[in-house]
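**Student:** With chain H's structure known, arrange chain X on it following the hints.
What follows is the residue order along each chain.
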Amino acid sequence: MADPVFAALTGAAGILVLIILGYMVVVTTLTAWPAMQSQGWSFIFSTTWDPSRGQYGILAFVYGTVLTSLIALVIAVPFSLGIALFLTEIAPGWIRGPVAYMVDLLAAVPSVVYGLWGVFVLLPGLLQPLAVWLSRTLGWIPIFAGPGSGLSFFGAGVVLAIMIIPIISSLSREVLRAVPSDEKNAAFALGATRWEMITGAVLPRAKAGIIGAVMLGLGRALGETIAVALLVGSREQITASILKPGYTMASIIANQFTEATGDHIRALVGVGVVLFIITIVVNVAARALVWRMVEA
Amino acid sequence: MKRRLFALSLLLAGAFLLCSACLVACGGVPRSPGESQDGSTDGSSTVRLEGAGATFPQPLYLEWIGAFIQERKGIRINYQGIGSGGGIQQLTQGTVDFGASDAPMKDEEIAAAEAAGGAKVLHIPMVFGAVVLAYNLKGVEHLRLDQESLAGIFLGTITRWDDAAIAALNPGSELPATDILVVHRSDASGTTSIFTTYLAQISAEWSASVGQGKDVKWPVGVGGQGNDGVAAVVRQQPGALGYVELSYALETGLSVATLQNKAGNYVAPSLESTLAAAKGVDFPEDLRFSLSNSAAPDAYPIVGATWLLVYDRMESPAQAVALKAFLTWCLENGATVARELNYAPLPDELRPLAQAKIDQMQ
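If you read the protein sequences in the order shown, they are chains H and X. Residues in the first sequence are numbered consecutively from 1118, following the working numbering. Residues in the second sequence are numbered consecutively from -16, following the working numbering.
The following block holds chain H by itself, in its conformation from the complex (with noise of 0.2 Å):
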């Protein structure tokens, strides 16, 4: 404690953040409470909303988020991983800065512009054909039952995964170089071949560190609004199609937040705290997953 001044001031702003955030907590339960009172435990467990008949069931926007976010994820992972690995495994090291330089510019990217170029690009050029071209050859499988839409749960997922590879490929590089050299050195001394070294060495050690890191993508996913509330298709239903509109947790609060008046606020307020449990959940779990990594 060299300088106490400097140490008090550090730690009022530590207190400071935990006060705001307890604050933040309490005031948005407490706004919300009157309309999850109201609806009792239909209001999570119905998918009835209609705010002109004074009914506010979220389940339809509970599975809508969860849905998206579980699409990022599967298409998500496998590149996040692939990147990693191939820039701490395979790549020279000429390539390596650049590379990582550029998939972490892509968390640079404001999520609003993501959402327009998803809407003006992405959507007449991939997703709409990809969609439909789907319903049509593998539309006896439920998921990709049609019509099929590229403002869907697909759509809006293909999106969300852009936005989270960096995050998680940038977290699993760090947990990958992490890994002692001296047991890769140990695998090829064996005679292990690079991806019998890969998966047999480097993999095993670092998994609990990747699982954190991609459940911290996915606490991104879950939050994420402005993309998603331009390509989801704002149709609150639950239904087995990835290819068909769907609605989020986010989506229906940047949708109806300005014209809502008394309980239509407080539900969405109460949409919000549901959403800000799961997320706080998620996080929790991915950051004491990624220490215990990083001390291991």
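Treat the hints with caution; some may be incorrect.
Stated by the list, open to error - Computed from the model, here is a short list of chain H residues facing chain X with C-beta under 7 Å:
no.: 1; residue: Asp1120
no.: 2; residue: Ala1124
no.: 3; residue: Gly1128
no.: 4; residue: Leu1133
no.: 5; residue: Val1238
no.: 6; residue: Pro1241
no.: 7; residue: Ala1262
no.: 8; residue: Pro1264
no.: 9; residue: Leu1268
What the hints assert, rightly or not - The calculated label-pair distances, taken between Cβ atoms and stated as ranges, are:
no.: 10; chain 1: H; residue 1: Tyr1140; chain 2: X; residue 2: Glu323; range: 51 to 59 Å
no.: 11; chain 1: X; residue 1: Phe(-11); chain 2: H; residue 2: Ile1161; range: 35 to 43 Å
no.: 12; chain 1: X; residue 1: Lys(-15); chain 2: H; residue 2: Tyr1140; range: 20 to 28 Å
To be verified - Just so you have them, the derived chain X footprint on chain H, three or more residues with Cβ under 8 Å:
no.: 13; segment: 1350 to 1357
no.: 14; segment: 1383 to 1391
Simulated from the structure, these hints should not be mistaken for lab results. Predicted model only: the values in this text are computed from it and were never measured. For each residue, glycine too, the CB sits at the ideal point set by N, CA and C.
**Tutor:** Using the frame of chain H, we list chain X on its own:
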């Protein structure tokens, strides 16, 4: 040592919070956004007016504002397109000097606004607009839809373009054997209000199951954000059909459908057919009216007005004078610009009634 530091940190954090709470309580937000705290206009002699509301007339209002402040130096006006409902809310909360809405305020909304502002709310109609059905069908130049088929498409009972009902109305066109992608608004809007009012008038089933309003539970379709969002989706998705204001369809070069009006005639949307909808309408005293489903023979069926909403008494006399001047200027000189941008200016019967409302302001 550590415990003392922790206590000191706690104290500093608390002190900071207390200071910010004080600042918020003392500063506060002035109810009239164009004024500074003590009621005078800011420093120089510039009067500032803030407005917010519907996105439909936004291109027109911005043109009018630009022209007006060029002529009358010393007045600055700012307009934000946040949606009709947002405009009504902001007026009630006192964060804007005037609101704009494509749907007249409901009785409850008027009561709330008058209670909050302590003055009467005036509806001043500015222009008329048509809500058109934009579609994306290659090779189909003129699509005709009658009342049953239009309602059927939006109710989800008609799902394909080559449905017998649509084919019968368009014998000369080749309709594809694909699904209709219905596009509606995902945000609440006056455009939706105008369109759903019309649907409720022509279809008992729509009126019973869905109803009308700025935001409804759509039976089918995907949602786009704002007029531009819907226009973008229609423009890019083959087989899409969505409703937008006429000016957006014309700006983006979308094909629009010809609709059957109450008299049974098929009318294409245009300035003339929009104005024709106002013929023979009995305007009520508070100027809240609907032009939907007009009986005039050459009228386009889906027409609505857009209003500017003001209080008849404003806190600052300078602002009241400026706002009155702006509104009068728009009514007297705004017609040419309105026509250029494909908005229909008020007909001669209505203009003096609107001016009389403006004169009530002080």
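**Student:** None of the hints should be skipped; say for each whether it holds.
**Tutor:** A quick look at each hint next to the structure:
1. Evaluation of the aspartate 1120 of chain H hint against chain X yields a violated restraint, the C-beta minimum of about 11 Å exceeding 7 Å.
2. Here the hint on alanine 1124 of chain H is kept, as its CB sits about 5 Å from the closest CB of chain X, short of 7 Å.
3. Nearest Cβ of chain X to the Cβ of glycine 1128 of chain H: about 3 Å, under the 7 Å cut. The hint holds.
4. Hint status for leucine 1133 of chain H: holds, given a least beta-carbon distance of 5 Å to chain X, under 7 Å.
5. At about 10 Å, the closest approach between the beta carbon of valine 1238 of chain H and any beta carbon in chain X exceeds 7 Å, and the interface hint on this residue is violated.
6. The interface hint given for proline 1241 of chain H is met, as the beta carbon of that residue sits about 4 Å from the closest beta carbon of chain X, less than 7 Å.
7. This hint is violated: alanine 1262 of chain H has a C-beta 13 Å from the nearest C-beta of chain X, more than the 7 Å allowed.
8. Interface restraint check for proline 1264 of chain H: the shortest CB-CB distance to chain X comes to about 5 Å, inside 7 Å, so the restraint holds.
9. A hinted interface residue such as leucine 1268 of chain H counts as satisfied when its beta carbon comes closer than 7 Å to some beta carbon of chain X; here the least separation is about 5 Å, so the hint holds.
10. Evaluation of the 51 to 59 Å hint for tyrosine 1140 of chain H and glutamate 323 of chain X yields a pass: the beta carbon distance comes to about 52 Å.
11. Our hint of 35 to 43 Å for phenylalanine -11 of chain X and isoleucine 1161 of chain H holds, since their Cβ atoms are close to 39 Å apart.
12. Taken as a hint, the range 20 to 28 Å holds for the pair lysine -15 of chain X and tyrosine 1140 of chain H, whose Cβ atoms sit roughly 26 Å apart.
13. Remark: the segment 1350 to 1357 of chain H is confirmed as covered by chain X, as 3 of its residues place a Cβ nearer than 8 Å to a Cβ of that chain, reaching the required three.
14. Counting residues of the segment 1383 to 1391 of chain H whose CB lies closer than 8 Å to any CB of chain X gives 0, so the stated coverage by that chain is violated, three being the minimum.
In summary, the structure is inconsistent with hints 1, 5, 7 and 14 from the numbered list given earlier, while agreeing with the others.
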